[in-house]
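K.L.:
Residue strings, one per chain:
Protein chains: 4
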Amino acid sequence: MIKVGVVGATGYAGAELVRLLAGHPEVEIAVLTSQSYAGQKMWEVFPHLYGIVDKTLETLNIPELMARCEVIFTALPHGHAMTVGQEVMRRGRRLIDLGADFRLKDVDVYQSWYKTEHTAAVLVASAVYGLPELYREDIKDSVIVANPGCYPTSAILGLAPLLANKLIDTDTVIIDSKSGVSGAGRGLSLKTHFSETTENFQAYGVATHRHTPEIEQELSALAGVPVVVNFTPHLTPMVRGILSTMYAKLSVDLNVQELTDIYRSFYQNERFIRVLPPGRYPTTKGVAGSNYCDLSVTVDPRTKRVIVLAAIDNLLKGAAGQAVQNLNVMYGLPEDTGLNFAGMYP
Amino acid sequence: MIKVGVVGATGYAGAELVRLLAGHPEVEIAVLTSQSYAGQKMWEVFPHLYGIVDKTLETLNIPELMARCEVIFTALPHGHAMTVGQEVMRRGRRLIDLGADFRLKDVDVYQSWYKTEHTAAVLVASAVYGLPELYREDIKDSVIVANPGCYPTSAILGLAPLLANKLIDTDTVIIDSKSGVSGAGRGLSLKTHFSETTENFQAYGVATHRHTPEIEQELSALAGVPVVVNFTPHLTPMVRGILSTMYAKLSVDLNVQELTDIYRSFYQNERFIRVLPPGRYPTTKGVAGSNYCDLSVTVDPRTKRVIVLAAIDNLLKGAAGQAVQNLNVMYGLPEDTGLNFAGMYP
Amino acid sequence: MIKVGVVGATGYAGAELVRLLAGHPEVEIAVLTSQSYAGQKMWEVFPHLYGIVDKTLETLNIPELMARCEVIFTALPHGHAMTVGQEVMRRGRRLIDLGADFRLKDVDVYQSWYKTEHTAAVLVASAVYGLPELYREDIKDSVIVANPGCYPTSAILGLAPLLANKLIDTDTVIIDSKSGVSGAGRGLSLKTHFSETTENFQAYGVATHRHTPEIEQELSALAGVPVVVNFTPHLTPMVRGILSTMYAKLSVDLNVQELTDIYRSFYQNERFIRVLPPGRYPTTKGVAGSNYCDLSVTVDPRTKRVIVLAAIDNLLKGAAGQAVQNLNVMYGLPEDTGLNFAGMYP
Amino acid sequence: MIKVGVVGATGYAGAELVRLLAGHPEVEIAVLTSQSYAGQKMWEVFPHLYGIVDKTLETLNIPELMARCEVIFTALPHGHAMTVGQEVMRRGRRLIDLGADFRLKDVDVYQSWYKTEHTAAVLVASAVYGLPELYREDIKDSVIVANPGCYPTSAILGLAPLLANKLIDTDTVIIDSKSGVSGAGRGLSLKTHFSETTENFQAYGVATHRHTPEIEQELSALAGVPVVVNFTPHLTPMVRGILSTMYAKLSVDLNVQELTDIYRSFYQNERFIRVLPPGRYPTTKGVAGSNYCDLSVTVDPRTKRVIVLAAIDNLLKGAAGQAVQNLNVMYGLPEDTGLNFAGMYP
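Protein sequences, first through last, are from chains A, B, C and D. Oh and the first sequence: position 154 is 154 in full-length UniProt numbering, straight run, nothing missing. Oh and the second sequence: position 92 is 92 in full-length UniProt numbering, straight run, nothing missing. Oh and the third sequence: position 269 is 269 in full-length UniProt numbering, straight run, nothing missing. Oh and the fourth sequence: position 78 is 78 in full-length UniProt numbering, straight run, nothing missing.
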């Protein structure tokens with residue numbers, strides 16, 4: 001059994017991770033920490049875990065954590081995983097960080113978008129971007145995995161086949177994303193207050209959202225040239241799910257079936273990518289509660305643009321599910337260990 | 001492997017059952033039937049099953065069904081499982097009926113509330129009411145299991161300890177139930193049309209709902225005397241979940257802790273019943289996606305009434321989950337085989 | 001023009017009141033106060049009022065308020081309207097309090113349920129309970145109107161014809177109420193956090209909710225004997241609306257049509273009460289955005305219980321709309337001045 | 001009083017129109033027709049109108065309609081207003097068509113996108129596109145007003161200042177729109193079935209939606225050159241509201257404040273357009289229940305793209321509200337007669 005700890009177990013990504021780890025046959029949950037709820041049982045905070053997870057939440061104590069766990073998951077606001085990362089490195093443990101601290105290879109870019117000093121810059125170089133579909137081999141031997149952001153997961157998986165195959169004009173990429181409210185976390189705010197959010201649809205962080213440089217870093221790596229995009233996130237009155245609608249000018253002449261075949265070929269043997277047949281579009285309900293990313297491509301012959309749709313559950317493939325997938329890759333387990341279930345519908 | 005067939009696989013209860021059976025380690029899905037979608041793949045109707053269930057939906061052909069399955073699940077409107085039941089009996093198969101046809105022991109009561117002639121009255125006597133917490137031993141050897149209705153499951157589990165222990169005045173029972181919209185099925189109607197249902201809360205079937213005699217039959221059996229209740233169902237703007245709020249006059253003097261202890265004792269060792277500590281109330285979100293029934297008891301000393309709250313996921317403990325639990329009982333499997341997961345939260 | 005002030009303009013009841021007053025032809029809004037947003041424009045806090053209400057929010061300054069307004073509306077947490085009430089009395093102004101401070105005639109009962117000392121007990125005797133359908137004449141000449149709570153409005157209007165006509169056993173009254181989340185206000189809490197509340201249904205304050213003594217006071221007054229009830233509020237995943245389902249044993253033999261006629265007679269000429277024909281039930285969507293209270297009665301001959309359903313918009317007939325109706329009564333205006341509109345559907 | 005008839009009064013746009021007309025001080029509702037509900041009272045179909053609209057729904061009888069009404073509103077599926085239009089012309093009445101039959105100037109384009117023969121092509125030339133902000137003078141004297149589609153209203157109002165002032169590259173326009181479910185009407189379908197739609201977000205009609213040519217016709221007229229766009233509609237789990245997110249390459253160097261000023265100048269004196277200050281974004285809740293269109297502009301200096309956000313209530317400014325605004329323009333009434341109210345929030 002792999003002994004794991006979850007630091008930040010009472011945010012939504014953390015709690016979803018605990019639920020998944022509790023059902024993972026090769027994992028033993030050794031430590032759960034929470035700043036707000038230390039001393040309480042996990043189930044007192046999350047009633048669905050009553051009778052399932054009996055552990056008491058602890059205050060974060062890094063030496064203890066290192067002593068009791070092989071693998072540490074951090075699900076913390078940005079800036080807080082750096083210290084844990086340093087200790088993990090020193091003590092020969094492994095880290096899967098669900099936050100942003102190790103995702104951006106260029107520390108200046110991190111500091112400029114996150115307005116935070118990076119105190120563990122030396123670790124960034126060795127961290128692996130935890131998107132198994134692109135970096136599986138690197139993840140196997142990694143010490144620090146930077147689990148991707150929810151929006152970037154949908155955008156990168158959606159655009160990778162186009163960029164890797166050089167099928168689009170890289171100056172024309174627009175990513176219009178819509179997320180359920182759980183992506184905004186469990187912290188209280190008017191933006192996530194029921195009466196303000198229900199029956200409401202709105203954009204936020206227009207042209208300024210922090211996932212932009214993460215998306216651009218990975219798209220640029222795929223394209224081999226710098227890619228700058230417009231990314232607009234929107235808040236949707238539902239709990240789970242991201243749908244990203246992506247637009248780009250095709251630089252070659254391809255029809256829908258040909259593009260679908262390219263996508264299927266690019267993602268063949270990928271356990272969690274489902275490329276839908278032409279004419280079917282992904283829906284967030286079709287992936288909710290599962291680790292799948294559903295994809296479709298459409299071509300508009302009038303404008304020569306391709307429209308890509310990508311749907312994920314932001315808490316699964318966009319956070320905790322992907323973290324477990326990364327754990328499985330790191331330990332050579334079948335990639336769907338503990339993730340081998342359909343979503344919930346309706 | 002147990003070869004099973006699902007008749008009516010494309011209603012919500014049927015589809016949920018298919019999802020559960022697809023993840024059940026001892027089951028092989030042999031036949032899926034659908035009147036509306038025969039000839040299509042299951043995943044074409046339910047996108048969450050893409051890549052998971054590859055079977056094609058068939059028209060119901062009873063001899064074929066009997067030939068290819070050991071156990072048949074029927075998830076049909078009332079009146080349609082009778083014929084299947086007769087054939088099951090004749091051919092030595094086993095039936096778990098998620099509909100109403102075999103629930104009421106008194107065929108006249110069935111005919112009066114359902115306005116339908118019962119053509120298999122002889123089978124009713126041998127059918128077992130499929131609430132494992134009350135009829136586990138009978139279910140083991142049963143040929144026909146009448147899987148309980150969703151509302152009755154919540155009401156009976158909520159009131160059983162009071163009636164079995166003769167703690168309340170049986171003339172004072174009021175059951176005020178609130179259900180998510182999936183309980184109304186996948187058939188189209190204005191009552192389940194998004195724009196009519198969202199941001200709306202309403203009662204329906206006041207004093208006339210067909211689950212009333214089913215509840216009364218089981219409460220009477222528990223009490224040893226006839227129990228007549230008021231049962232009011234309400235439609236709640238959410239997909240999954242039932243919360244039943246139940247009121248009765250206490251005939252003995254007990255406080256909340258004593259009542260909670262009685263409930264815990266009554267349900268000790270029950271895998272899917274969680275009696276909450278005093279002061280905590282069940283929520284539908286706390287059980288959504290799981291097979292649990294969460295219960296709480298409160299006493300109002302001002303009125304000497306007990307208020308019981310019971311929450312279930314109507315598609316799991318209220319339908320498909322309970323059906324799988326019954327299958328496990330019938331085959332001597334651990335009762336949570338294929339059901340051993342926490343709900344999804346948030 | 002009647003010069004009015006709204007103290008606590010940025011809670012949901014306060015903001016709804018501002019919207020209504022802005023459209024009232026006989027009213028001039030003179031002062032809007034807000035503790036949290038003083039110094040900002042009202043529309044900066046409530047975007048729907050952009051271009052409609054240009055006033056800047058002020059800190060509460062009681063002498064200023066008295067100087068600039070004839071009528072003061074207070075929409076504050078309990079305990080905060082007492083001081084305003086004293087000053088109103090001293091300065092010859094009039095007060096409509098949307099909070100609880102002047103609703104309970106028995107100050108001890110107030111102190112026991114609200115755990116707050118009442119510092120203006122002397123005013124309580126002269127305050128009028130602001131339910132125009134019951135106290136219209138008293139409201140006309142009142143100085144302080146205690147605008148009813150949202151739950152009590154639905155419960156009292158629903159049960160008044162039964163109690164006033166002595167048709168039920170007063171020991172058997174059960175009130176099971178379901179409210180939209182706006183009733184919990186604009187203050188942040190996990191209970192009103194979108195991801196916790198959507199797709200969730202739950203009871204709260206079981207046997208302890210503070211609206212209980214208010215309901216009992218008015219039902220007792222109607223019955224002429226003390227009435228003690230069970231009242232259970234529930235949180236429903238929608239913004240607006242209350243549906244109360246009420247149960248009582250009939251003490252006389254009446255059928256549905258006779259009871260409906262009694263209700264129609266009791267509420268004849270009432271502008272905002274709609275007694276539905278037998279067989280139709282009120283829905284929250286049918287009253288949302290309007291000042292109506294929709295009512296229906298059903299009789300269960302099996303149990304001799306009457307089931308009454310009452311639906312209101314908690315922010316209109318349950319708060320701000322009723323406050324405007326009271327203002328109209330106080331000034332001898334047609335009762336629907338500024339309230340003469342249908343609700344919004346769907 | 002203007003005598004009006006509503007043909008198709010029981011769809012959502014029709015019913016919203018009836019609600020607005022019932023509150024319009026210069027209008028008398030003379031005829032309401034409905035194919036599905038003829039013979040019933042309007043309030044039997046729409047409970048919010050109980051006690052407000054007492055009219056009985058009639059079968060459509062065109063001669064009667066002409067005899068009893070001055071102005072006819074048609075709220076019908078495409079193809080059904082043509083006959084009414086011909087009769088209106090012949091009989092000297094006036095028509096406001098909420099459907100698509102008279103919107104497209106090029107009958108071939110209509111026939112190609114709507115797959116329907118146009119049988120009243122001669123009327124199309126004289127019909128005026130009913131967007132008062134662009135065609136106010138023409139509407140005044142019009143006989144047939146083609147009330148714009150909901151999506152086009154948001155897109156055209158959002159992009160008009162950019163195109164009229166030649167500020168963008170017309171080849172780069174992308175319109176990503178999100179609509180509440182009421183836009184899909186009252187007809188039953190799985191796409192609008194509560195359990196399929198709640199907690200779901202999905203695109204539809206990708207690159208093929210029929211509002212595309214309508215948008216392009218008007219954008220081309222504004223630009224003076226043909227404009228071809230990508231338009232993607234999405235279904236959002238809420239009842240009311242459209243938010244359109246629009247992208248285009250700026251062809252001139254302008255910052256956010258300069259662009260906001262250009263928008264404010266373009267729309268000065270427009271009663272129903274609110275250009276928000278830089279940094280504030282429109283929300284659907286901010287306009288729900290009102291006839292406003294809220295707009296914001298953002299510039300991304302990294303990509304030189306402008307991002308325009310436009311929010312409307314699809315049933316008001318996107319349908320019935322705009323129809324009433326057109327009526328007011330036709331009769332020389334203040335443009336907000338019967339529309340002079342804030343939206344409902346929350």
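These are computed hints drawn from the structure, not numbers from a lab. Hints are supplied without guarantee of correctness; some may be wrong.
Any copy, or any two copies together, can satisfy a pair, since identical chains are not distinguished.
[To be verified] Cross-link-like lysine-lysine pairs, in silico, DSS-like; alpha carbons within 30 Å at most:
(1) K249 / K115
(2) K41 / K191
(3) K304 / K105
(4) K191 / K304
(5) K304 / K249
(6) K140 / K249
(7) K3 / K105
(8) K115 / K55
(9) K249 / K55
(10) K191 / K3
K.L.:
If any of the earlier hints don't hold here, list their numbers in rising order.
P.N.:
6, 8, 9 and 10
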